[in-house]
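Spelled out from the first residue to the last, the chains are:
Number of protein chains: 2
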Amino acid sequence: MTSAGPDADERDGALPPTLVVGCGLIGTSIALALQEQGIRVHLSDADPEHVRVAVARGAGLSEPVADPALVVVAVPPAITSSVVQAALQDWPGAVVTDVASVKADLLAAVQAGPHAERYVGSHPMAGSERSGPAAASGQLFEGRPWVLVPTTVATDAAVRLVEEVAVMLGAVPVTMDARDHDAAVALVSHVPQVMATLAAARLCAAPSAHLALAGQGLRDVTRIAGSDPHLWREILSGNATAVRDVLASVRVDLDHVIDALGSSDDLAGVLEAGRAGAGRIPGKHGGARPDLGTVFVQISDSPGALSRLFARVGTSGVNIEDLRIDHELGRPVGLVEIAVLADRAAELVTVLTDDGWTAYQ
Amino acid sequence: MTSAGPDADERDGALPPTLVVGCGLIGTSIALALQEQGIRVHLSDADPEHVRVAVARGAGLSEPVADPALVVVAVPPAITSSVVQAALQDWPGAVVTDVASVKADLLAAVQAGPHAERYVGSHPMAGSERSGPAAASGQLFEGRPWVLVPTTVATDAAVRLVEEVAVMLGAVPVTMDARDHDAAVALVSHVPQVMATLAAARLCAAPSAHLALAGQGLRDVTRIAGSDPHLWREILSGNATAVRDVLASVRVDLDHVIDALGSSDDLAGVLEAGRAGAGRIPGKHGGARPDLGTVFVQISDSPGALSRLFARVGTSGVNIEDLRIDHELGRPVGLVEIAVLADRAAELVTVLTDDGWTAYQ
Numbered sequence: 071m072t073s074a075g076p077d078a079d080e081r082d083g084a085l086p087p088t089l090v091v092g093c094g095l096i097g098t099s100i101a102l103a104l105q106e107q108g109i110r111v112h113l114s115d116a117d118p119e120h121v122r123v124a125v126a127r128g129a130g131l132s133e134p135v136a137d138p139a140l141v142v143v144a145v146p147p148a149i150t151s152s153v154v155q156a157a158l159q160d161w162p163g164a165v166v167t168d169v170a171s172v173k174a175d176l177l178a179a180v181q182a183g184p185h186a187e188r189y190v191g192s193h194p195m196a197g198s199e200r201s202g203p204a205a206a207s208g209q210l211f212e213g214r215p216w217v218l219v220p221t222t223v224a225t226d227a228a229v230r231l232v233e234e235v236a237v238m239l240g241a242v243p244v245t246m247d248a249r250d251h252d253a254a255v256a257l258v259s260h261v262p263q264v265m266a267t268l269a270a271a272r273l274c275a276a277p278s279a280h281l282a283l284a285g286q287g288l289r290d291v292t293r294i295a296g297s298d299p300h301l302w303r304e305i306l307s308g309n310a311t312a313v314r315d316v317l318a319s320v321r322v323d324l325d326h327v328i329d330a331l332g333s334s335d336d337l338a339g340v341l342e343a344g345r346a347g348a349g350r351i352p353g354k355h356g357g358a359r360p361d362l363g364t365v366f367v368q369i370s371d372s373p374g375a376l377s378r379l380f381a382r383v384g385t386s387g388v389n390i391e392d393l394r395i396d397h398e399l400g401r402p403v404g405l406v407e408i409a410v411l412a413d414r415a416a417e418l419v420t421v422l423t424d425d426g427w428t429a430y431q
Numbered sequence: 071m072t073s074a075g076p077d078a079d080e081r082d083g084a085l086p087p088t089l090v091v092g093c094g095l096i097g098t099s100i101a102l103a104l105q106e107q108g109i110r111v112h113l114s115d116a117d118p119e120h121v122r123v124a125v126a127r128g129a130g131l132s133e134p135v136a137d138p139a140l141v142v143v144a145v146p147p148a149i150t151s152s153v154v155q156a157a158l159q160d161w162p163g164a165v166v167t168d169v170a171s172v173k174a175d176l177l178a179a180v181q182a183g184p185h186a187e188r189y190v191g192s193h194p195m196a197g198s199e200r201s202g203p204a205a206a207s208g209q210l211f212e213g214r215p216w217v218l219v220p221t222t223v224a225t226d227a228a229v230r231l232v233e234e235v236a237v238m239l240g241a242v243p244v245t246m247d248a249r250d251h252d253a254a255v256a257l258v259s260h261v262p263q264v265m266a267t268l269a270a271a272r273l274c275a276a277p278s279a280h281l282a283l284a285g286q287g288l289r290d291v292t293r294i295a296g297s298d299p300h301l302w303r304e305i306l307s308g309n310a311t312a313v314r315d316v317l318a319s320v321r322v323d324l325d326h327v328i329d330a331l332g333s334s335d336d337l338a339g340v341l342e343a344g345r346a347g348a349g350r351i352p353g354k355h356g357g358a359r360p361d362l363g364t365v366f367v368q369i370s371d372s373p374g375a376l377s378r379l380f381a382r383v384g385t386s387g388v389n390i391e392d393l394r395i396d397h398e399l400g401r402p403v404g405l406v407e408i409a410v411l412a413d414r415a416a417e418l419v420t421v422l423t424d425d426g427w428t429a430y431q
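Protein chains in written order, with the numbering used here: chain A, 71 to 431; chain B, 71 to 431.
The shape of chain A in the complex, shown without the other chains (with noise of 0.2 Å):
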């Protein structure tokens, strides 16, 4: 990293810049945030058509930055350590935070050079599996938990401009003790990712005719399988030991489900358990589910009939919460379910009933 020229001291406006450092996914998402914001962001990347894509979607500014007051590290997490630890020792009037998913060995590393006392760990829970800058939101940290983990050294200055940037950018900051913040990611996120891995791997030797019978409950489990496996294998090798926990529980499960597989009563516990962990997940910002109702929509696959149903539904009045289209891609026909406001549900079925749709509750 070089020290601004001029040109770049001429840009700077009342608010001081930001260096985001790593412009995949969820760097170029940051980025996308705070210049909405009105926060002047200086970008870099090892890869210079990243910061291409990153500068043409509007993320920021390609040129070196002359005394960033934040630096946001978002770059592959077997390296974040090395760059959180440059950037501290480059930019001395910087906080430094990073985004990387696992936390405690991280911590562990930072805390043990110079200048901890500028760095706090972020975990913003967001992304997809997509990557890469194309694929950047600068919404899409709205409303989304962004864990914040300080190091015991942390000024309460650093932590209160991280905790700040989270608001700023419409998520809601969690503060958690490294240890503990690994040990949920394992859980909600790292442990599912394997789960989906594994259920996907065994479709790799079979026979076509097989695979022509995958309905949408298959699509739905290998989803996240599709993602960027040079990234997982850094995170889950990261957070190696509470995932290994976990999966020691999974373990555990499997071997019973094998053993009592030709029994049914035996296989009752873990269905049950299964769907009371599934009914635990919780609705927006970890609270109650709004009281919505569900209101189900036939639909053929003829040109424009998805179109023309939203269209009817847009002029009614009642307002889509959630929606969901129970079909393959090119399916012919599916079914598609609305998420209304409880109240407003009969009203819909009404409205779309009278208009000739096959619509029910």
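Read the hints as simulated data drawn from the structure, not as lab findings.
Fair warning: this is a prediction, and the values are worked out from it, not measured in the lab.
Just so it is clear, CB atoms sit at the ideal spot from N, CA and C, and this is done for glycine as well.
Residues of chain A clear of chain B, computed beta-carbon distances all greater than 12 Å:
| # | residue |
| --- | --- |
| 1 | Q107 |
| 2 | D137 |
| 3 | A139 |
| 4 | A156 |
| 5 | Q159 |
| 6 | A182 |
| 7 | G183 |
| 8 | E187 |
| 9 | T221 |
| 10 | T222 |
| 11 | R230 |
| 12 | M238 |
Computed spacing ranges between beta-carbons, pair by pair:
| # | chain 1 | residue 1 | chain 2 | residue 2 | range |
| --- | --- | --- | --- | --- | --- |
| 13 | B | T385 | A | D329 | 57 to 67 Å |
| 14 | A | A204 | B | G426 | 17 to 27 Å |
| 15 | A | A275 | B | G426 | 43 to 53 Å |
| 16 | B | A126 | A | P146 | 50 to 60 Å |
Here chain A is said to cover these stretches of chain B; the calculated rule only asks that three of the stretch's residues, wherever they fall, bring their Cβ under 8 Å from a Cβ of chain A:
| # | stretch |
| --- | --- |
| 17 | 207-221 |
| 18 | 269-278 |
| 19 | 283-291 |
| 20 | 337-344 |
For chain A, the structure is supplied; the task is to place chain B on it using the hints.
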């Protein structure tokens, strides 16, 4: 089952009536689809409430049938064999089929009894994590595979009739050997169900603060874990051998992952295999996916935003092939992915951008 009285006889039309035994999701959906084709359907179920709901949905008549040409047995897996054999006995003029998800043991049992020449096993590959007649749809089978599993003694006429019914319902008939079918569904349906259950079961004892970090990936992986545990214990124990074979391979991979944690090189193989397997899941009718492009649109959760978006897409002349909303229920802002024919994507981006949306490819 009793024979029909004069009232039912008077209703006999040109098409021979069908009896659907079991008014759950699948039975009621078949009944709805047959009625839409002008075939008179009679319904029965051990639970009178199921019959009442199915009749109210327009799926058929609750009166006893006189002389059905076809009996569709759509009851829980554990009692399918005995209900099929009773139907073959009770209705000497009827072809009998069923919809159970596991076939080898069932076929062996029916074939060992009398009248097996009038029996043809079926497995329509359609379903939902919802159950019961209220969730039924006459279009549930459109474009879906419908596996026919005839016994060696089935008459050609019986096989032809069940095949005609599948085609009439919009499904794609596929004839398979019973053991081959059971191996296929173990892979694409039963084992993914177990994987979803195992991932979800880990959430039962998790602190709420950990669950609050859940995102869309966890929701997708665990969605089908919310399915009916009673149905699934019957399905899994009914297909014990084939499911155990696949789970044994899963266990080998799981042990490998547990051993390899801490060394990202050793994890690469299974992660690459998972990604490759997920990429093999076919699109429409088991064929290649059409050449689609994705348009990303940012939306806020302000009232009507989603409806306004679809109203605008609906008037654009560009057909929505598929779509996905990348947010949780009630999340304030999300990213809508609209799949359109690849050569129309740029046009849709222009239309939406001109209209003030943040849209990109």
